[in-house]
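Participant: Combine both chains into one complex, guided by the hints.
Chains B and D, in that order, are what the protein sequence lines are.
Quick note, the first sequence lines up with residues 2 to 764 if you use our numbering.
Quick note, the second sequence lines up with residues 2 to 388 if you use our numbering.
Think of the hints as simulated: they come from the structure by calculation, not from any bench.
Predicted, not measured: the structure shown is a model, and the values here were computed from it.
We put the beta carbon where it would ideally sit given N, CA and C, even for glycine.
Incorrect hints may have been included.
To be verified - What follows is a set of in silico ranges between Cβ atoms, one per label pair, in the way DEER data are often shown:
| id | chain 1 | residue 1 | chain 2 | residue 2 | range |
| --- | --- | --- | --- | --- | --- |
| 1 | D | Asp234 | B | Ser70 | 23 to 33 Å |
| 2 | D | Val222 | B | Val47 | 27 to 37 Å |
| 3 | D | Asp234 | B | Gln25 | 25 to 35 Å |
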Amino acid sequence: MATDPKRQSKKTASAAAKNRPTRQMWTRAIFVLLGIVLLAFGALLVQLVMLQIVQTDDWQRRATEQQLSDNVISPHRGTIYDANMEVLAERMQVWTVIMDPNNIDEEVNREKLADELSSLLGVDRDKLYRQACKTDSMYEVVKSKIERPLAEELIAWVEQNELYGVFRLTTDYKRTYPYGSLLSSVLGFTGAENTGLYGLEAEYNELLEGEAGRIVTAQNGWGNDMPNLLSYEKTVDAEDGHSLVLSIDQTIQHFAEKHLEEAVANTGATNRAVAIVQDVNTGAILAMATKGDFDPNDPFTITDPNELTALAELAGTEEEDAAFEAAQIKQWTNKAVTEFYEPGSVFKMFTTAMALEEGIITENSTFTCVGTQKVADYNIDCHVSPMSHGTQVLGEAISNSCNPAFIQIGTAVGRDLFYEYYTGFGFTEKTDIDMLGEFDVSEGFYHSRDELNPVELATSSMGQTFKVTPLQMITAVSAIANGGQLLQPYVVQQVLDGDGNVVTNTPVTVKRQVISEDTASRVARLLADAVNSGGGRNAYVAGYRVAGKTGTSEKTEDRTETGSNNVVASFSGFAPADDPQVAILVMIDEPQCANRYGGTIAAPVAKKILEETLPYLGVEPQYTAEEMADLSRNTPPVEGKTIAEAEAAIHAAGLTVRVEGSGNTVIKQVPEAGQSIPAEGRVVLYTDQSSLQSQTTTVPDFTGYSVSGASEVAAYYDLNIQLSGTNLEGGGALAASQSIAPGTEVPCGTIVRVEFLYEDTIE
Amino acid sequence: MASSAAKTMSKWQKFKALFYTKQGFDKPFLIVLLILLTIGLACMFSASYVNAYYYQDDSYFFINRQLIFALIGVGALLLLSAFDYHKFHALAIPLFAVSVVLLILVLILPSDDGVSRWLPLPLIGGFQPSEVAKFAVVVLFAHMVSLNYQKMDTFKGGYLPFMAVLAVVCGLTLLEPHLSGTMLVFALGFVMMYIGGTKPRWLFLTILLAVAVVVFMILVVGYEKDRIEVWLDLFNTYERNPDQAWQTMQSLYAIGSGGLMGQGFGNSRQKHLFLPEPQNDFIFAIVCEEMGFIGALIIIVLFAVLVWRGFVIAMHAPDKFGFMLAIGLTAQIGIQVAINIAVVSNLLPNTGISLPFFSYGGSSLVMLLAQMGIILAVSRRRVTKTS
Chain B
2 MATDPKRQSK
12 KTASAAAKNR
22 PTRQMWTRAI
32 FVLLGIVLLA
42 FGALLVQLVM
52 LQIVQTDDWQ
62 RRATEQQLSD
72 NVISPHRGTI
82 YDANMEVLAE
92 RMQVWTVIMD
102 PNNIDEEVNR
112 EKLADELSSL
122 LGVDRDKLYR
132 QACKTDSMYE
142 VVKSKIERPL
152 AEELIAWVEQ
162 NELYGVFRLT
172 TDYKRTYPYG
182 SLLSSVLGFT
192 GAENTGLYGL
202 EAEYNELLEG
212 EAGRIVTAQN
222 GWGNDMPNLL
232 SYEKTVDAED
242 GHSLVLSIDQ
252 TIQHFAEKHL
262 EEAVANTGAT
272 NRAVAIVQDV
282 NTGAILAMAT
292 KGDFDPNDPF
302 TITDPNELTA
312 LAELAGTEEE
322 DAAFEAAQIK
332 QWTNKAVTEF
342 YEPGSVFKMF
352 TTAMALEEGI
362 ITENSTFTCV
372 GTQKVADYNI
382 DCHVSPMSHG
392 TQVLGEAISN
402 SCNPAFIQIG
412 TAVGRDLFYE
422 YYTGFGFTEK
432 TDIDMLGEFD
442 VSEGFYHSRD
452 ELNPVELATS
462 SMGQTFKVTP
472 LQMITAVSAI
482 ANGGQLLQPY
492 VVQQVLDGDG
502 NVVTNTPVTV
512 KRQVISEDTA
522 SRVARLLADA
532 VNSGGGRNAY
542 VAGYRVAGKT
552 GTSEKTEDRT
562 ETGSNNVVAS
572 FSGFAPADDP
582 QVAILVMIDE
592 PQCANRYGGT
602 IAAPVAKKIL
612 EETLPYLGVE
622 PQYTAEEMAD
632 LSRNTPPVEG
642 KTIAEAEAAI
652 HAAGLTVRVE
662 GSGNTVIKQV
672 PEAGQSIPAE
682 GRVVLYTDQS
692 SLQSQTTTVP
702 DFTGYSVSGA
712 SEVAAYYDLN
722 IQLSGTNLEG
732 GGALAASQSI
742 APGTEVPCGT
752 IVRVEFLYED
762 TIE
Chain D
2 MASSAAKTMS
12 KWQKFKALFY
22 TKQGFDKPFL
32 IVLLILLTIG
42 LACMFSASYV
52 NAYYYQDDSY
62 FFINRQLIFA
72 LIGVGALLLL
82 SAFDYHKFHA
92 LAIPLFAVSV
102 VLLILVLILP
112 SDDGVSRWLP
122 LPLIGGFQPS
132 EVAKFAVVVL
142 FAHMVSLNYQ
152 KMDTFKGGYL
162 PFMAVLAVVC
172 GLTLLEPHLS
182 GTMLVFALGF
192 VMMYIGGTKP
202 RWLFLTILLA
212 VAVVVFMILV
222 VGYEKDRIEV
232 WLDLFNTYER
242 NPDQAWQTMQ
252 SLYAIGSGGL
262 MGQGFGNSRQ
272 KHLFLPEPQN
282 DFIFAIVCEE
292 MGFIGALIII
302 VLFAVLVWRG
312 FVIAMHAPDK
322 FGFMLAIGLT
332 AQIGIQVAIN
342 IAVVSNLLPN
352 TGISLPFFSY
362 GGSSLVMLLA
372 QMGIILAVSR
382 RRVTKTS
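With the rest of the complex left out, here is chain D (with noise of 0.2 Å):
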């Protein structure tokens, strides 16, 4: 019935059933979405203003780029919100391999600083490829666990597979170097293989592995030996070169001398040059530090609320595809949330991750907005028990 429908419709109607839905989106889950947005875009604003002011000679310079990319992000929210997630089911495969293909390529254009993350754009500046790879891993392993998940308790069809994709893409960020990209896509990817079935000891000896990998690139090959230094002894490292340090230091500074209530909305003193690029990766020491530990603990408990909604979302999706993708995209912003918070309070080493709404990047921002879209979108197919 629904074939011999599709069969009489015009390209318009085709078009607007993409967008068909019976029910609204989780409301509740874009509330939270839009709270943290505004919090992110008005601290990005506070924590940039003196950076942009030295640096590019306009106080507003972050600020509006970045308001810019929130208007587009949340018109890609909306538009993929009302988008039938079934048809990334066709797109899991070639957004994988134009993910893989932009990897390689960001490692051999040319770079300044043997650093190999960004591919220039024009207008947008630049993006990193390890964000689309990321999103193309979520739908590739939503796609890939929906198809196989009675197989997934196997070796051969739940874990094989899916370890040769996380090895391309972790292969090729870490080249970049792109620690914390390839620790995300990791622990993304780790995440999705549990809870679509993976069986649990094989995930665990992995990890070991990894660890064990790990710990020797560190003590043996002296992999990110200068972060691993200022990490696990901060003080001496900042005493013998405090330029090593100096990023994480004044980030501590920023965050402990906010105190219980903060200084005050705007009252930052460490982002007066102080903390390096304080609207990047390192947005949330300003925040504690003009916010204090009640501003910080409501914007946790803001990020716990949308996390929890979106595995709600996840939990009352229609299929294991769209279950799989929320509970991706969801584990997505949790995970980044909790390596970029424990990056900025010394807890991890000093890796280049950046805080969901909060930090300045166009095209994350975007992204990210975009893919929240697709978390909506799920929500309007959920199964609800009165249905």
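Bound-form chain B, shown alone (with noise of 0.2 Å):
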């Protein structure tokens, strides 16, 4: 065992040696190493540097994205309000049915539900079953936007019938228009995304729609709000829609339409009728009806009788879809602003202003008419013809609405003229009224200067073979009420913010003089005898001087199957006369009645609309002492007649009643038999002792009001009162004097006299 330590450990060691890695290992080895190291990892940090510093904006926008949840806030849609701050259009809050079927138990009925529902909400039976039957689904609509009471129904019934979990109400707007049909083809109305599709809503879209805002939140993966470390909150506020205030005054409006529709409905119009009523001084519309029109509420349905009878005789054919489709487009058509039409005989008003304002006539003027007036190589018929006006002067022309006169003046204005007072009236621009649809008379609808040979002169003087829309003949009219000038009209008053801060004021836009004052006036007191005695007499209105003109034009291009034309008849005009503050403008396409014209059928409808409208606007009317002892009834005597005989017979004689007491006969009337007391006064009938120690008032003192404030104050009052003065007809007298002292007791209905003074004799 004696080896050599020194030996030993150098064959261990060479045995060790030999144990080792071989030098190919250590190569194969450090080739794996740099593979591993520089190939693999640098590969890793290549791709690391491209995802992290190249693509890194990239990245990061798609990370965001789906980090940040953004939702819309949707503004409020700005309202509609007329004159005096009533709410034409707003939006109201309705709901959205939503139902998951998914949640619907076993054990529930789907057939019961289905019935039960499908007539609760007025749906398709078969549609809900089979949503109710979608039993993968979670989210079937079964009806958008249900308002308040039928979603309080429906909540009812969900709980009587246990469905929790099954139905969910959405929020949703809508637009509402509480009125109805009311201003409806002005207002337009809004789509399913209450987007505005129609008038002033799809004009004023944009600023009535306000801008969506956003709330942008950071979400983790399930929709959560991250915690607060992370959390990121951003509003951007919607900006709730502007609110538009409308010049229209919803009362006046509703003036119009009312009578606008009756004088529909009395006359069969088949292409509908327009009304316009327009303050004189600004341009400001402050009714403009069109009838038929439609409810802005409902939209697509057709309202018209007419439409609706002509679209029953196509149901079934072909032609029934596009004249659904055309019988909706029409009611929606703003006639008064979209459709023109031949203005006939209430142009000669502007072919007198032109004339006079020229010089050429004068008042005093005489024009004869022979049945016929030869222009050129035409013979052109007074309407009266074969008989004939004979010699007039220009009122009574104008009274006459005498054609041969109206061309002899027309001749004389000649061409040039014609064409620039035809112009200057607006006739061949649009009025730049704030709507949509404004239609362009400028393509071709009158004649130009050189066009206007002696017959096109000639006719164009009697207000024929040439077009304007309704807007812009009650803008004309306006120009001679106003004192002359043609005024640019409007529909929008004001433009709030969501505040209700004043964005915008339509100012009083004037386009030019189109003819001096003096002349303004000359016309108007020309117009308001053509009223108060000529073809116009029928919109004539006690108490205020109407001027205006009638007119009917023949509708040449279409005849109806009798051979005869269609006509339009219309009346246009303002009042008062001698201060003139509203213009109004009616028109009737297409009468069916027997009596077609103007005067007949137009002006009654002015009148009734003016009647309501001036003194709703505080107009004083100014009766003139015929027009007093037409106001004034003399009371019946009843005393002693049974209350139905009594009140019979006041009501015969004009004059209203209220009776006191509980007997059965009349034992006392005030005011007595055989008094005067204003048309429409009040008789106060006792029919007891008790009643007629009871029903006292205090006479209170009338000095200082108008005829008509003191009329008023009597009636609320429970007095009669009788109106007494030297001279009446001017207008602007006040109660000077009284027949009973201020403060004294009476029985009601007794009689005070006042007497009415001009206001600088008081003084």
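Facilitator: Right, dumping it as structure tokens:
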């Protein structure tokens, strides 16, 4: 065992060395190490550089997109108000009914559910049943936009049937028009997405709509908010839509629509009718009505009875759909600005105005009518032909609406001046009203200066062979009424922001002075006379001097089956003539009644509208003595009669009645029989002693009131009033003294005589 | 002398002798390893707490478990670092046999979703037999190389037996199916064969064949078609079927939105239920999002240092067995890191491979640390020029 330790260790060392990894192993190990560290890790680093440095913006944007929830806050659509801030269009909260069929219990009878719910919501029963059976669905829209009462009924029904978790109501908004069809042709309507589709809703859509806001929040993968550390919330508030304040007064609009609708019904007009009321001093539209129109709450339903009849005839035919669409578009169209007509004799006021302005004629000029007028090679008949008007002064020619007279005037004015004034009154341009769809007549709807040869000049002078829109016409009429200024009409008086602050206020825009103030007032006087005595007399309103002109124009381009032409009957004018406030236009297109003259069917509509509008606007009536007499009524003797007899007698006399006490016969009447009191005055009938004693009133102080004001005060105090005064025709007189001292206790119905004097004589 | 001494030793002395070493282990390796482990645990906590809160009702659910296993793992590491790694010669074949049994067992046991990768295990919850197989292959190959190194350049000695082992393991893992596990074992086996001395041309031909087979499987059989689709055509697949490409896309969102400097530690947004299971295989995406490219670079460099250090240890090993063990175990770390990050950044199709020391998983962390202990054990017996 004696081995050399040195050798042994060498041997062991060599054995150990032999056991060591070989050089090849080392080399290969180094290759592998380099492969892993340089190649593999290097590739990773290159990829990370790409992702984290080169493309980082893109990835970050994508990641942010999913990490932020972006919710739209829809803005409130603005309200549309009338001139007195009455709401004409506003948004209303409604609900959409969502069903989760997946959540309906097995034992629920789906047939019964479909039966009950379909009748409750008014939806198709079979469709609802199919929806209820889609058990793999969690979201079925049953009905959208239901209103509060129905939503409450639905909730009650759900509770009653214990269908919790099956139905959901999601909030939505819809446009609502509280006055229904009132002003519909001006307002227009909105579509399903609350976007304006027609009328002001469409024109001012961008303003009304406002701007949607957003809430951006950080969310996790489940859509929940991130914890505080990472929370992020950014809100861009929705900007609520602006509101519109119209110049239109819903009360006047109501007057206009009420009477226009009646006229359409009475005349059987087949192409609708228009009424416009305008403030002559500002150009503001106070009312603008088209009948038939539609209900903006349900704009797609045809409402015009004529159209419905026509559609019923087409039912089942191929044309039905097209006809239905045409009828819809027709009822949505605002006839006052979008359609045009031949004005006829109404235009004669402008022929008069230009001739007076140019000094070509005066009120004293005379014109001779022989029933026809020869112009170039044509004979143009007067409307009374074969009779004739003979020789007339200007006023008579207007009252007669004599065609030869106006051909003579027009010819005297001549082509150049006629065209100058024709253009001046705005008949060749748009009025630039703030509404959509204004018809542009410049595309060959009138004679250019060069085309105004003698015949065209003659026919144009009497309002024929050219077309205007109703709005152009009333705007020109206003120019005569306001002293010669052509104004730009408008319907939106103010735009309010979401907080109700005034953003814009529409100013009065004078386009130009067309005629002098003097000429304007001379024309006004002539037109007032025409209404007092001439063709416009049906527009006469007691107390208000109405100036105006009627017109009836034949539609030569289309003939009815009987061979006679359809006509457009119209009246346009203003009141009061000596201090014009409002202009009015009534146009009835294609009346089918026997008498189709403007004076017969359009003027009365204007009268009825003015009769209500002028007092509403606070325009003081100024009665002539003649009118005053007309207004007074004599009280009939009714003492001793039964109450029924007495009431009948008093109503027959044009008075109103009030019965006091519980007796059967009249024991006393106040005022007593044979007294003169204003029409619609009140007679108080006492039927027993107790009532006689109890029913007294205190006489007020009438001093300083106008005629109409005093009448109102008297009515309030249950008194009757007897007007007296030297001359009340001129207007402006105020109550100066009264027959019973203020503060006296008198029985109701007692007559108080009030004396009126002109203001300057009081002070 | 040594054997006579052994005869006179008590049992306790014999046991102590197992851990007797002349010199200390390689400190740089352990330091880098512990740095990586620490960073890994911190990142795992950051990546996991949202998921833990929402799915486990406890933000600390994953980190608490991971910390316990990390402690156990470090214990195993220290224990094994003192263990005489030569004893693994005897364990090589039994270990391999056990892992094959486990791989078969996992295929036989019922699975919920058609994927059988996990075996249930009390306390730990479960482990992947492929983890054991990986280790078994490393040990077995080290054993085979050190015994047969003279015949390594022959087909019969240096190629066939190794391929037979790989065929068994890879075949079984493919059946699970566990593509990434298969790839890892395959790559690991080849690295060891190459370094062990197998002729590169056989390896090269085999790789060509394997690529051909894989291409055939993908194109004709449609194996893992969905994953391949996502890999090749991410955006369109995401458009068409977001679920299919979800994890990869969310991973790229996270990495990309990290930018150069990152969102800051703890500030990942993608871990808030966007990226599924951010504590597992895709943890590196969250690391990239929070710490940016700089953070990712530092971590990759640390892994590179660890791998470099592991190879240095191997090259100083006193024998071929130690050399091959250290090479195999180190290469495993390097390959796994490379594949994991490549998957996370969509350089490779999405497979299930975890990031060493970062991804959540108790059994795998313990195994990894124990294997690092073996590398340290090799380092204790290093041969230096001075000695």
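Participant: Each hint needs a verdict: does it hold in this structure or not?
Facilitator: A quick look at each hint next to the structure:
1. D/Asp234 x B/Ser70: 23 to 33 Å: Given about 29 Å between the Cβ atoms, the range holds.
2. D/Val222 x B/Val47: 27 to 37 Å: 32 Å Cβ-Cβ, so the 27 to 37 Å window holds.
3. D/Asp234 x B/Gln25: 25 to 35 Å: violated, 43 Å
Checked against the numbered hints given earlier, the structure breaks only hint 3 and satisfies all the rest.
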